[in-house]
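Going line by line, the protein sequences match chains F and R.
Position one of the first sequence corresponds to residue 1 (our numbering), numbered consecutively onward.
Position one of the second sequence corresponds to residue 1001 (our numbering), numbered consecutively onward.
Source of the hints: derived by calculation from the structure; they are not laboratory data.
C-beta atoms are modelled at their ideal positions from N, C-alpha and C, and glycine is treated no differently.
Keep in mind that a hint or two might mislead.
Calculated pairs, BS3-like style, for lysine-lysine (alpha carbon to alpha carbon, straight line, at most 25 angstroms) [claimed, not checked]:
# : chain 1 : residue 1 : chain 2 : residue 2
1 : F       : K126      : R       : K1051
2 : R       : K1153     : F       : K126
3 : R       : K1416     : R       : K1343
4 : R       : K1153     : R       : K1207
5 : F       : K56       : R       : K1153
6 : F       : K36       : R       : K1051
7 : F       : K36       : R       : K1171
8 : R       : K1407     : R       : K1343
9 : F       : K56       : F       : K36
Selected chain F positions facing chain R (Cβ under 7 angstroms, derived; list incomplete) [as the list claims (entries may be wrong)]:
#  : residue
10 : F47
11 : T91
12 : Y121
13 : G123
14 : P166
15 : N177
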Amino acid sequence: MLILLVSNLKFSIAIAQEFYVMRIEYAMQLDVDGKKYYEAKLYPGAFSAFFTYQQKLVETNTGLLRTDSISNSYSFELVDTSRYYLISDRTAGLWRRSEQIPGENQEVEVEEVYQPIKWNYTGEEKLINGFHCYSANATIGGRNYTVWYTDSIPISFGPWKLHDLPGIVLEAYDDTNEVFMQLTRIIPINAITLEKLSPLNPSVQKLSHEQYVNKWLAYLETMQKRMQSRFGRNFKVKLNSSAIKGIDRYDP
Amino acid sequence: MTRNAILLTFLILIFHIDSVAQSVSVIKIISVMDSLPIPGAQVSIFSNEGKLITHEITNEIGEATLDLSLYAADDWLRVQSLGHKRFINSIASIRLAFKDYIENVLALEPDEIILPEVIIQSQAPYRLTSDTITFNASQYQRGNENRLEDLLKNIPGFEVDENGTISYGNKKIEHLMIDGVNFLDQGYALMSKNMPVFPISQVQVLKRYQKTKALKDLIRSENIALNIVLKDSYRSVWFGKSHLGISPKFRDDWDFGLDGMKLGNKLKLYTIQNYNTLGYQYSAPLFENWKGALTEETSKIEPEKSYLFHLPKPSLPFGLPNRMVGNQAQQLHTLSTLFPIHKKWQIKLTGNFSNYNKAFDHLKVSLFDLLDEKIEHIEQINQESKNSESYFSLQILGEPSDKSEIKFYSAYQVEKSQNFSDYKLNQEGFPSQIMRNTLQSAHVLHWSKRLSENKAWMLQALAFTKNQPESSFLVDKNHISENVQLISEQFQGDINSKWIIRKDSRKTITYVIGQVIGSETLRSSQTYRANWFQTYLEGSVTQKISNTISLEGQLGFHLYYNKSQLTRFGNYQSGKLLLAEPRLKLTKQRTDDLHLSLSYSQIQWKPKLIDRVADTIFQGNNSWIIGNTAKKIGSSKIFAFSLNKGNLLTGNAWQTLLYFVWFKDILSTNSGIEPNKIIYEKIWTKHPLEGALQYQYDYFIDILSSNIRFNSRFQFSKTKHQLNGLEQPWNKHLGIKYGAEWRSAFSGNFNFHGGASRQHTIYVENNKRGVKQGFKNQVDNEYFMDLYFQLWDKLNISIKQLTIHFENGDDSRQWFHDFGMNIQFNPKSQKLRWEFIGYNLLNNNKLNRFARTEWGNYTSTYIIRPRQLLVKLNLQI
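Whole structure, please, built from the sequences with the hints as guidance.
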């Protein structure tokens, strides 16, 4: 237990000088292209938030698991060990997130306009671990989310882009069950700046959201052609979706 | 005063001078302590009933925009920010307070808050440990789940197919347990289709589940099991669900179900009762999974699909009449119990009765053109079947000590099926009927013991019997009636024992020594009787040299003995065979783009093996007995080398595979007599030594680019026979095949896939006297084109065409055209799958010219009538 005198903290207008005094940890689960588990951390400030997530390794073995040269079957398990971030800058009206363009090893920063979220408050209530929670719905990043928040901790930043609520988000999921986030821990920390949390590389390539989506589409098209050409006539190749699916989902 | 505030105040004064407070737009939140603005503060308005109406967050200068005139006087304004005391007051009070001020400022008092470290571990949606993933059921419930499979479909990673089989991460769940109790072994689909959701607390995925405790951590199991953890309040009490639904529109449509369950310390019991006329399949096969359940093998027997017909069928071509098939009745009654008979012994009883009907139809049209004579043949088949299955099993489970386990399992099943087909042959009706009643039983004894950390042994004895009388009745075009009754009985049994020793050092080495002794008898009324016996001994060593290189070695000795008899004709055969089978495989795997594999295996028959054949041939009143005693010598060696460069995910790739087979099989007949095929002439020839030596060499190259694929194959083999101890000249065979395929990117509404290949084959063959019999050059050309149309999300049409042209050196030519069309409509819910398949074969040989055309219209899976609105009553206890 830690006693904080938050009012003594001086917030500055510039995001780089904002102090974060707590860390909120989420268990995050994605089920796009196979299920993956993530450890996510949210550092909420007064007008900005730093959200970071990294895939949780369950298996120790990664890479090519089994190859049968005679039957020509391959089994891959690719584990992405990168740590990704999302900086929500309410002052500048920007979301800045780290991404990796598939097929390129280079990390890029994608800038997107911070869209104020129009939440629909359903009036539903439930108790989660002793917290009185309320439900709200909104469409964010191509997904229809349901969140459960409590106003007993007045923090308006939530995990990923689930912001602008009257309290902290304890649970969030989308209607396809592909994204699931659950608060696991709130830890008060010594005040820390964004620079300390994420030493940003000034030389990192910056892309607009549209540029990033276009790069993805180009890559998907190439991959589809490659994959299709590898199967003989008697193989049925099924493409489930051409949508770009991550935490956000973009239907081109 | 800020510039905005001045401007805003000015505007308010000009336009709304009488109602300043009623139209407040900007509220500024500051701290009492230092009068600095509070950014990120939360400004909310609630109704008098406490419902959130709107919510704003202050910007970097502490301002939030709210038009207070929009809200009722008895609504409430709440402002809160971390580190400050919460401010809350009615809209009426706020308006009054702001009335005398031109800047609307609210100052919050600082608050020394105590922010505890909060850990919400118990409510996390899932929890990971090394081999277990635990999902909290409540986190995945949306309120409309009725059965276990509904809940599982909500959890990412789970899939449940229409038969109730569960997969997690594309891997089939082998066992489903409730609080660690395995009621139904692999027949768990009964649970997934029926068990209610409300008593479930957690769903656990157990990876690397090893059912045999003695082998745990000794043999790496790839099986996945599912454990359902019940809520505490549902342990040791009765609970269940019941439903009754009746359609107001169709009175014969109804659905009734009653499930009850009690998992006490002593008695564990689960019962399911279902009866419906809608075709809902609550039942699942139990008996066919018995073997898989006890030997950790995946059952390969897939349950048959049911076909539901609720809509009148559309008219088929040629004005042929259709027959409406009504609703399909389904019944299920089952009871499973588990109770202790001693501290270390338990009894598990399962009884099950299920009943279901199914039906399908198809139309087939054939046209023959044989030497200018045309024959038209139209066949329509409507087929119905009625099936019932009764099942009973008894299991005795014991754990005499912590390290040993004994299981005895005995199961019986009676399966009755009645198939009725209504043929339409040239528009004349001829029925046929097949009845089959099968009695099966399975008996298993399993005994395992852990000797030490690295040693264990396991003994399994399996016995299986099957009695299947079958009768059929058929009337064909020529009014020939036939009533055939075939009775067959089968007994099959294995005693299977394994000794497992694992040695752990810096590298892992595993030795497995196994032995199987088994026999099988197949008896039928007049046909065939066979007994066989097999025993083998094998050991294997797997040495993992590094993460990417492994070396596998295996040595096995197999002894076979078989005796078979054809009772009607009196033929009988017996033989013994001993095989030595060493294998060696070296693999090197790279995760990026290179993969190398080298393997060698050999099967060696021992020279002293004897294979005896004795034939008795009856012909009228005369009979001849011909006896052979043969010595069989043989071996085969297989050498394979493969190299793959690139991988399918990251770029272009090629692969090459070299395959070499050396095969030798020589039969030496000691008595030296063998009947000629024309037995009346009583011509006997001697073949003291006959056999074959064969080399085969295959080489493949595949080159894959973005959407074009080239492949080629070079094949060479030569075979040499021995006759009367003399080696004959080599017969040779050379084949070259090459081709290319071209595909579209499969991204739009129209896609295609086409290709062509050509194969040249050259045969050089000699007869047994060494005279060259022929030189044959054959060319096969193959062309295909597939077109895919996706009209919208739910309707797909694919058209496939294949043409093969054979051209042989002996002036033999054939053209083969194959055409298929497939239409699928929303396969997930309303199923319509219509297939049109046809082919044309034109044989253009000089002496045998004919053409044959056949096409079929298959509607094996059909439209389901839209779900009826049932007046439904659900009860949960």
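How the hints compare with the structure:
no.	hint	in the structure
1	K126/F x K1051/R	holds, 14 angstroms
2	K1153/R x K126/F	holds, 23 angstroms
3	K1416/R x K1343/R	violated, 40 angstroms
4	K1153/R x K1207/R	holds, 19 angstroms
5	K56/F x K1153/R	holds, 23 angstroms
6	K36/F x K1051/R	violated, 37 angstroms
7	K36/F x K1171/R	holds, 16 angstroms
8	K1407/R x K1343/R	holds, 15 angstroms
9	K56/F x K36/F	holds, 8 angstroms
10	F47	holds, 5 angstroms
11	T91	holds, 5 angstroms
12	Y121	holds, 5 angstroms
13	G123	holds, 6 angstroms
14	P166	holds, 5 angstroms
15	N177	holds, 5 angstroms
In summary, the numbered hints that this structure violates are 3, 6.
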